[in-house]
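Okay, here's what each chain looks like letter by letter:
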Amino acid sequence: MTEITVISGKGGTGKTSLVASLVSLAHKPVIADCDVDAADLHLVLNPVIRQAHDFSGGKRAEIVPDKCTGCGKCFELCRFGAIIRNEADKPTYIVDQIACEGCSVCSHFCPEKAIDFNPSVNGQWYISDTIYGPMVHAKLGIAEENSGKMVALVRSQAKEIAEKEDLSYVIIDGPPGIGCPVIASLAGTDYVLIVTEPTLSGEHDLERVMELINFFKIPVCLCINKYDINLEMSDRIEKKARAAGIKTAGRIRYDRAVTDAQIKRLPVVEFTDAPVVLDIRKMWNTLMREINLTTKGSQ
Amino acid sequence: MTQKLTIAVASGKGGTGKTTVSASLACIAADAGYKTAYLDCDVEEPNGHLFLKPIIQYRHMVGIPVPVVDHEKCTACGSCGEICQYSAIVCINKNVLTFDKMCHGCGGCSLVCPVGAITENSRNIGVVETGTAGKVAFYHGKLNVGEAFSPPLVKAVRSAIQDDDLAIIDASPGTSCPVIAAVKGVDFVLLVTEPTPFGVNDLEIAADMVKKLCLPYAVVINRHIPGYTLARDFCRAKGIRILAEIPDDRRVAEAYSKGMLPHSAVPGYRELFEGLLNAVMKEARQ
Numbered sequence: 001m002t003e004i005t006v007i008s009g010k011g012g013t014g015k016t017s018l019v020a021s022l023v024s025l026a027h028k029p030v031i032a033d034c035d036v037d038a039a040d041l042h043l044v045l046n047p048v049i050r051q052a053h054d055f056s057g058g059k060r061a062e063i064v065p066d067k068c069t070g071c072g073k074c075f076e077l078c079r080f081g082a083i084i085r086n087e088a089d090k091p092t093y094i095v096d097q098i099a100c101e102g103c104s105v106c107s108h109f110c111p112e113k114a115i116d117f118n119p120s121v122n123g124q125w126y127i128s129d130t131i132y133g134p135m136v137h138a139k140l141g142i143a144e145e146n147s148g149k150m151v152a153l154v155r156s157q158a159k160e161i162a163e164k165e166d167l168s169y170v171i172i173d174g175p176p177g178i179g180c181p182v183i184a185s186l187a188g189t190d191y192v193l194i195v196t197e198p199t200l201s202g203e204h205d206l207e208r209v210m211e212l213i214n215f216f217k218i219p220v221c222l223c224i225n226k227y228d229i230n231l232e233m234s235d236r237i238e239k240k241a242r243a244a245g246i247k248t249a250g251r252i253r254y255d256r257a258v259t260d261a262q263i264k265r266l267p268v269v270e271f272t273d274a275p276v277v278l279d280i281r282k283m284w285n286t287l288m289r290e291i292n293l294t295t296k297g298s299q
Numbered sequence: 001m002t003q004k005l006t007i008a009v010a011s012g013k014g015g016t017g018k019t020t021v022s023a024s025l026a027c028i029a030a031d032a033g034y035k036t037a038y039l040d041c042d043v044e045e046p047n048g049h050l051f052l053k054p055i056i057q058y059r060h061m062v063g064i065p066v067p068v069v070d071h072e073k074c075t076a077c078g079s080c081g082e083i084c085q086y087s088a089i090v091c092i093n094k095n096v097l098t099f100d101k102m103c104h105g106c107g108g109c110s111l112v113c114p115v116g117a118i119t120e121n122s123r124n125i126g127v128v129e130t131g132t133a134g135k136v137a138f139y140h141g142k143l144n145v146g147e148a149f150s151p152p153l154v155k156a157v158r159s160a161i162q163d164d165d166l167a168i169i170d171a172s173p174g175t176s177c178p179v180i181a182a183v184k185g186v187d188f189v190l191l192v193t194e195p196t197p198f199g200v201n202d203l204e205i206a207a208d209m210v211k212k213l214c215l216p217y218a219v220v221i222n223r224h225i226p227g228y229t230l231a232r233d234f235c236r237a238k239g240i241r242i243l244a245e246i247p248d249d250r251r252v253a254e255a256y257s258k259g260m261l262p263h264s265a266v267p268g269y270r271e272l273f274e275g276l277l278n279a280v281m282k283e284a285r286q
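First to last, the protein sequences are chains L and Z. According to my numbering, the first sequence is numbered sequentially starting from 1. According to my numbering, the second sequence is numbered sequentially starting from 1.
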């Protein structure tokens, strides 16, 4: 079983649309949507939910008003500005649940033991069926934290299913950026595909993503999406990647059919025979060859 | 001319045009004579500088406090490991180990240590750079690659806002901690979306987040294609105001790819963004 993580650094380069097509081309995949705070893959893969579970990634503090004497110790110790002081004759305090980092300091040091510290539900995660294979996905609650832990959970569930059902690939749709949920999507994966676009922003963000992957020492390939928006920039990005030892698995042209497929809730490879689909197929075949070369030793 | 106002530009989905909209608004506001600040709070992948091309004058490192254990004083009682919720300090076999990258800087371990063996040291997580881009005061944060915890850096960028600034914040995509750090407590949020199913799905998530934070907001539809009414229909159904529709225009995409903003590259866009700025100011003052 091979775990492939698709990331981009910059948002909106076409990760999710491409992942939907890759999943359709792959032999026996498990699908994992790790962009947990803005998940979209379900909109084109149309999963049927088989299991739904609550996710608890941390704990939250809550002041019990009857026990609170208004001493202000919590207000003084909290470094996240999460204790709100309401001025009155005698000040009262409440916890700003959005600002709370769940560190437990207020609850631990409250002299009256007036602060509860209990697990909080931060979202839901699902195991679903799609016509392409099983899918693990999640929905982080509104303004909730612990997206990194949620990503780790989605990945481990997807891996478990792949092992149990003897499936060949776990294909991970990763989040944008280079922070906590991206690191959680990358750590320990077998292969990374970076999807970039030929813009100054795409180029700049790619550099930071390459640096991050270098940090984890994971084998990686590049895909330039919408390459014909700026051919000169596409060449420049490819050259830069090559200098960093990264191969370009393929270039995919700009085609509004990609958006039209999204509106029809289909992976683009199943929606049309336009040249953009040939680009995607070619890229996938090159990627498979590269992955087989790299992971041959371990399989 | 001064107008104290902080406006955040956010979106659930990435790549909808946050940077284009926020950098354009900053330029247009400065041209209109406002004392304007642009703050790039997408510290994981800051891009505003590629368009505004600022001259950077100052850089300052931003750190978070992490524990330093004095092993001479430490009795290996384990209290620090018990209070830490992030597995950033653990006591194993009479040995206290720290994992700085896991640390959120809450200070619990040093407070709880009964023998005063834990002090704190600042650990660098990134840098805030300050400069000027024409008449716009420019600030951005750059998170060190490999760092997971960015909200303290986002807050550090925001702390640069001066009392009489018309401040425009460029947030990161998504709806979790770094975005909340960027938009919490602003006067107004502008949500940028695309008229695609992904765009609208993520707009709904972003709108829910902004509502939970009790902030006034409105929407800009970017890459509007005649006949693609998904975003428009969604906003109408939910009673969300649409302040502008920016057309899907290959000339804008090509200019963007070279680091140029639409108002300086394609005719007609200066007027569009002037209209957007006026609409935002009117909404935000209410």
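Because the hints were derived from the structure by calculation, they are not lab data. Don't take every hint at face value.
Partial selection, computed: residues in chain Z whose CB lies under 8 Å from chain L [unchecked claim]:
#1 Gly12
#2 Glu44
#3 Asn201
#4 Glu204
The structure presented is a predicted model; accordingly, all values stated were derived computationally and were not measured. We put the beta carbon where it would ideally sit given N, CA and C, even for glycine.
Verification of the supplied hints:
no.	hint	in the structure
1	Gly12	4 Å, holds
2	Glu44	4 Å, holds
3	Asn201	6 Å, holds
4	Glu204	10 Å, violated
The earlier numbered hint that this structure contradicts is number 4, and it is the only one.
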